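If you read the sequences in order, they're chains A and B. Mapping of the first sequence onto this note's numbering: residues 45 to 159, in sequence order. Mapping of the second sequence onto this note's numbering: residues 64 to 177, in sequence order.
Please keep in mind that the hints were generated in silico from the structure rather than gathered at the bench. None of the values given here were measured: they were computed from a predicted structure. There may be inaccurate statements among the hints.
[Said to hold, decoys possible] Only pairs whose alpha carbons sit at most 35 Å apart, straight line, appear in this in silico DSBU-like list of lysine-lysine:
| id | chain 1 | residue 1 | chain 2 | residue 2 |
| --- | --- | --- | --- | --- |
| 1 | A | K101 | A | K53 |
| 2 | B | K121 | A | K53 |
| 3 | B | K131 | B | K121 |
| 4 | B | K131 | A | K101 |
| 5 | A | K101 | B | K121 |
| 6 | B | K131 | A | K53 |
| 7 | A | K53 | B | K132 |
| 8 | B | K121 | B | K132 |
| 9 | B | K132 | A | K101 |
| 10 | B | K112 | B | K132 |
| 11 | B | K112 | B | K131 |
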Amino acid sequence: DSGVTQTPKHLITATGQRVTLRCSPRSGDLSVYWYQQSLDQGLQFLIQYYNGEERAKGNILERFSAQQFPDLHSELNLSSLELGDSALYFCASSVSGSRDTGELFFGEGSRLTVL
Amino acid sequence: AQSVTQLGSHVSVSEGALVLLRCNYSSSVPPYLFWYVQYPNQGLQLLLKYTTGATLVKGINGFEAEFKKSETSFHLTKPSAHMSDAAEYFCAVSRGTGRRALTFGSGTRLQVQP
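Using the sequences and the hints given, assemble the complete structure.
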């Protein structure tokens with residue numbers, strides 16, 4: 045158990061819909077990262093937040109957005125869903141400060157199926 | 064920009080045989096390198112990491128990897144494969160510490176034959 049919690053574990057929805065994925069980082073971790081894993085694209089970095097502020101952006105579509113709340117949990121919002129958005133979405137968190145070794149701690153993922 | 068190349072999307076070995084999973088990286092700064100393992104229907108788990116210091120690093124489950132700067136490689140090895148090693152393995156690179164996202168390779172699926 046990495047200590048990173050993601051909900052829901054599975055989600056099935058239709059094209060054009062909107063969903064929200066939730067992530068609670070490990071206790072004390074200030075950084076949250078979102079990754080998308082699909083068969084054709086592999087593990088793609090989407091976006092990173094640090095202590096409530098956007099830190100880095102990767103291959104995140106404009107239809108997707110994220111935020112990190114004061115309690116440090118994060119949400120990834122996916123809208124106008126397309127078949128190609130079907131994937132496993134991972135959240136990860138990392139230690140900050142002197143204990144930081146660059147390692148990310150991953151949740152078990154949210155599997156999104158768009159029909 | 065950083066990148067990671069994993070040679071071989073599928074590797075099959077016999078139980079008890081040597082496991083060798085290849086990873087080459089590209090980085091404009093001294094890299095931090097990681098190997099993660101993903102078992103079916105699970106998240107990614109850290110196997111081992113190289114940050115600074117000794118270039119041969121040991122990880123969990125008997126795996127080890129050697130950082131070779133001259134070859135820009137960080138290959139993962141295990142002397143004797145076990146059935147439980149069957150999983151997908153990802154090599155990743157970071158520009159260091161300081162809240163940086165990892166760039167992952169495309170992954171290598173390891174099959175272990177009895």
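Exercise. Could you check the structure against the hints above and give me the numbers of any it violates, in ascending order?
Key: Hints 6, 7 not satisfied by this model.
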